[in-house]
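**Q** Each chain is listed here by its residues.
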Amino acid sequence: MTNSKATNSKTSTEATTMTTTNLTTREKVELSLARRRAAETRFRLYGMVSVFFGMLCLVVLFTDIASKGTSVFKQTSLTTEITLDSGYLGINKDSSIEDIRFANFEGLIKRHFAKSVKPKGRKAKRELFKLISPGAAWQLQELVLANPTAIDSTVTIELLMDDDVDQWFKHDFGNDVVDNGRLSEQQLAWLMTWIEEGQLDSHFNTLFFTNGDSREPELAGIHGAIKGTLLTLMVTLILSFPIGVAAAIYLEEFAPRNRITEIVEININNLAAVPSIIFGLLGMAIFINIFGVARSTPLLGGLVLTLMTLPTIIISARAAIKAVPPSIREAAYGLGASKNQVVFHHVLPLAMPGMLTGTILGMAQALGETAPLLMIGMVAFVVDVPGFINDPSTVLPVQIFLWSDSPERAFLERTSGAILVLLSFLVVMNTTAVILRRRLERRW
Amino acid sequence: MHSLPDHYGTLMALWTGVPALILLMSWHLLEGPVINHLLVAQLPAEIQAGDSAQIQLAISKVHNLATGSGLAADASLMPAVSHLAALNERTLLLNSGIALSLCLICFAATYRRIKPELRARTEMENIVNMLLLASSGIAVLTTLGILASVVIEAWMFFQKVSPLEFLFGTTWSPQVALRADQSGSSGSFGAVPLFAGTLLISSIAMIIAVPVGLMAAIYLSEYASENVRKYAKPALEVLAGIPTVVYGFFAALTVAPFIRVLGTDLGLEVSSESALAAGLVMGVMIIPFVSSLSDDVINAVPQSLRDGSYGLGATKNETIRQVVIPAALPGIVGAVMLAVSRAIGETMIVAMAAGLAANLTANPLDSVTTVTVQIVTLLVGDQEFDSPKTLAAFALGLVLFISTLVLNFVALKIVQKYREQYD
Amino acid sequence: MQLIENHKTTGIPLSPKAKLSARNVDVFYGDKQAIHDVSLDIGENEVIALIGPSGCGKSTFLRTLNRMNDTIDICNIKGEILLDNENIYDPKVDTVPLRARVGMVFQKPNPFPKSIYDNVAYGPRIHGLAQSRVELDETVEKSLQRAGLWNEVKDRLHAPGTGLSGGQQQRLCIARTIAVDPEVILMDEPCSALDPIATAKIEELIDDLREKYTIAIVTHSMQQAARVSQRTAYFHLGQLIEVNPTDQVFTTPQHELTEAYITGRFG
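Protein chains in written order, with my numbering: chain V, 984 to 1427; chain G, 13 to 435; chain E, 728 to 994.
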């Protein structure tokens, strides 16, 4: 009589059993079961949905970025034969490097295409030249610099195409979107001819990995940013690892248990949760304005990231020291070792794997950090690849931030490509940390 | 025997190297400001009379000229340039000379002390301990540095703009007028819209992250099989390892347009920089943060409590909801507070996906701006150090620092207390 | 020490009016066998004490009686356990009503972090036993009185249960168990964390509860077994060695291992 009511009721248990006065305990329990099983299933489902949602986000994020970014590894170029006319360029085999640099390769390319394609009128000419990247002249120049004997011979070269051509060829052409609004009919006609003749094709995009930043998407690469990142991380590692380990040793092994130590500990824990942008403010006000460290340099970036990652490293290093069993310390003390000898000869080597893992994770955090570096001028447009820690440079995440703001479709692709590179760095670092932890996770 | 031969050697090395190293480091840090100060005297009188921004500009020009990277040669700066070159040469000589002689003096002094009676090991250990202590002091110095930098600049800001206007004003437009005599030249610095925007976006993030993170933690720790847990847990943690700039890109270029299209289809007016997009993505970013903290907290609830509940015939979800969660509540509250602090301090997602318009609104489809976005906007690019625009960023930084510090401090206390309860 | 091959329990493991009967029960933790072929009846309204040296499997056996071992993934059980002639390990049996009928009190007092009232009301609430606030109040009062705690806590029913002393906490846990009106109560060393005075109170309580419930108690203390139980079962390395009336076990044990344990040669 009450079965259906009990099953459907969503009100409190007291109300559910309103009509069950004369039942035995056992019957009452049986009556409640259907409702409770349903609640159990629902609850479990919420849990599964939550986990699934998290994983789904991960998958969507990766596919989205990969689908946008993988095309960056291909670059469209035009294979053509071009004669390096010494008369036009005004240089010969024995010309100095200076002379070669100032030779008019751009004009040579224009002349070459004007001759072979024969555009009618100034407008057509301009449209034709727009298809070729400004990087093409630089390619020729590099070729001559590498091999001055090539002057006056005819060379076959894959000339870089403009980003509009590149995007059209990689994305629209294959998908039968013949007109994407960026290229004129005349330009498309030329491109189709080149495709039919097998001249226009895409090749592996080495420039993306060897060039610095550029205003021209097809010339923009991540070499500068990667170098900047490596230099910055190097500074961070050199500073934060020894300092972090030393601080952890002090706090864990030497610090007297008093109020001051407690404050230092609370301070470190809180510092680990301070928003990273605050460290940017610190870098600006203290390092730049008071100590006069040069802006935009890996040195400054490294200093700021050191302060930011220190708490992480200290906390994990302390955990590693704590994990060393007291028996080892006692054994060493038993042999008459001094406190320092115990710590440096016995505890430290055993805690090292844990400390290294923590440091790698700290470095991974520093690698992905963007906000504080924006504050200290690493957003500058830097074309040159930095040579050392005091050269102006940018880092990979900041490069991503900068490019993501550019309207060109080709930059969108480059942003995603740079993200893929950044993520693969992170994967390598985290895998190293995991492997290190697995291999050295020893229980005493 | 108190010391071995290599203890004496190490002691010598420490005494010879460390003082000189400290000297070189402090020299390096102080060199810049001192040289700049000396250079000011060499600048043309009219620049010296100008304001600090002008002086700064001139100084950096001088530096560029001296390294040869400067272009437009300004004859009036040439005395300063040559002075700088001379100074650089002199300081290089001076500091290497001093450092070297310090090395020698210390070496000699220590060498004379080397006798069998010298407790070299003890002394060496004391020096090492001092170095260790200094290292842990850096963390404290960092906090003091943060405090000093934001407090001083913020105080300068409050000289120009009243703190009341800053905290309670509802108009934010920090654009400084071009001419000094223009009306409203100081911009207007009512930060309420920023606080509201930060809260709006953080709330959206928490609405996503707290239930999903908590339920995921519960599912993985109480329901999932060993195999599911082995793969799902690290997979969720990957979300935490993705750089925020990547989330920002995803929010700005994928989620925001998607929401806009979706909203337009439903007949809603959606801004292309909606708070919803930034909040959603931020929520996803915080999910693993909430779930791993809650996981710790839930695992700290003793098994005996669960047994007590199962022993009475409770189902799993009754046990979790009525025994485990109430027992873990303080820890969960702490975890959520840490997550909130993380949300309000998050910069890149909002900088890329949220707007700059300081709207005072609760509509998640509108564009809002946040404290962190404004700090970035105000400070990236050219800065003059004493304009209220730049200083305002530090005032915002102060608010951000204090609020996250309070949240973290309280949260960590709660979590710590909670842990002790079950230890 | 080694397992006895082809062992058959000495004494009288079976009972004519059995409430719970174990038949040929084996328990495995992964590859390790913790219980070897145990058959034992627990009669209605009797207190049976399970004794034996640490690690002998007495607690494990107790936990199989209301399927508390289900919460441990690697734990496997063979054989049958019958509650009123129904096998509780039948796949159709739900642990929820089973545990409502076979309640359990644990070694360490484990009050929930709730008020005293809510601790006791927890079971009736989840099982939907009380239909009104008044009835719930009555159940709580009755259970606390049964557990001999009412007079001590009636003025602070809404104070947290964790604030009570150890002995009071354990009586609260007993009150919590009887609030569900179970038929059998399993007690896993309920006094091991308590002082002698609190222990005495619990023992008294167990004696009172016998009128209404069937009780199985695991204990480390032979004196306690002698004081509260009618029958005593001696476990050794996962085997049930001997079951006999309590006074007989402690005066004239039949098996040499039992005798060795009683006389303190190991324990």
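Certain hints may be false.
[As the list claims (entries may be wrong)] In the DSBU-like style, the derived pairs of lysine-lysine whose C-alpha atoms are separated by at most 35 Å in a straight line are:
no., chain 1, residue 1, chain 2, residue 2
1, V, K1305, G, K425
2, V, K1113, V, K1098
3, E, K819, E, K881
4, E, K835, G, K328
5, V, K1305, E, K869
6, E, K841, G, K425
7, E, K819, G, K245
8, E, K759, E, K835
9, V, K1305, G, K429
10, E, K735, G, K328
11, E, K744, E, K939
12, G, K429, E, K805
13, G, K328, E, K759
14, G, K429, V, K1322
15, E, K881, E, K744
16, E, K819, G, K172
17, E, K841, G, K242
18, V, K1322, G, K425
19, E, K939, G, K245
20, G, K245, G, K425
21, E, K835, E, K805
22, G, K328, E, K869
23, G, K245, E, K928
[Claimed, not checked] Now the stretches of chain G that chain E is said to cover, found in silico as 3 or more residues with beta-carbon under 8 Å:
no., stretch
24, 318-328
25, 417-426
By construction, these hints were calculated from the structure, which means they are not laboratory data. Ideal placement from N, C-alpha and C gives every residue a C-beta, glycine not left out.
**Q** Determine for every hint whether it applies to the structure shown.
**A** Results for each hint:
{"no.": "1", "hint": "V/K1305 with G/K425", "in the structure": "holds, 21 Å"}
{"no.": "2", "hint": "V/K1113 with V/K1098", "in the structure": "holds, 16 Å"}
{"no.": "3", "hint": "E/K819 with E/K881", "in the structure": "violated, 41 Å"}
{"no.": "4", "hint": "E/K835 with G/K328", "in the structure": "holds, 21 Å"}
{"no.": "5", "hint": "V/K1305 with E/K869", "in the structure": "violated, 50 Å"}
{"no.": "6", "hint": "E/K841 with G/K425", "in the structure": "holds, 22 Å"}
{"no.": "7", "hint": "E/K819 with G/K245", "in the structure": "holds, 33 Å"}
{"no.": "8", "hint": "E/K759 with E/K835", "in the structure": "holds, 26 Å"}
{"no.": "9", "hint": "V/K1305 with G/K429", "in the structure": "holds, 20 Å"}
{"no.": "10", "hint": "E/K735 with G/K328", "in the structure": "violated, 39 Å"}
{"no.": "11", "hint": "E/K744 with E/K939", "in the structure": "holds, 15 Å"}
{"no.": "12", "hint": "G/K429 with E/K805", "in the structure": "violated, 44 Å"}
{"no.": "13", "hint": "G/K328 with E/K759", "in the structure": "holds, 27 Å"}
{"no.": "14", "hint": "G/K429 with V/K1322", "in the structure": "holds, 32 Å"}
{"no.": "15", "hint": "E/K881 with E/K744", "in the structure": "violated, 38 Å"}
{"no.": "16", "hint": "E/K819 with G/K172", "in the structure": "violated, 77 Å"}
{"no.": "17", "hint": "E/K841 with G/K242", "in the structure": "holds, 34 Å"}
{"no.": "18", "hint": "V/K1322 with G/K425", "in the structure": "holds, 32 Å"}
{"no.": "19", "hint": "E/K939 with G/K245", "in the structure": "violated, 48 Å"}
{"no.": "20", "hint": "G/K245 with G/K425", "in the structure": "holds, 27 Å"}
{"no.": "21", "hint": "E/K835 with E/K805", "in the structure": "holds, 28 Å"}
{"no.": "22", "hint": "G/K328 with E/K869", "in the structure": "holds, 27 Å"}
{"no.": "23", "hint": "G/K245 with E/K928", "in the structure": "violated, 48 Å"}
{"no.": "24", "hint": "318-328", "in the structure": "holds (count 10)"}
{"no.": "25", "hint": "417-426", "in the structure": "violated (count 0)"}
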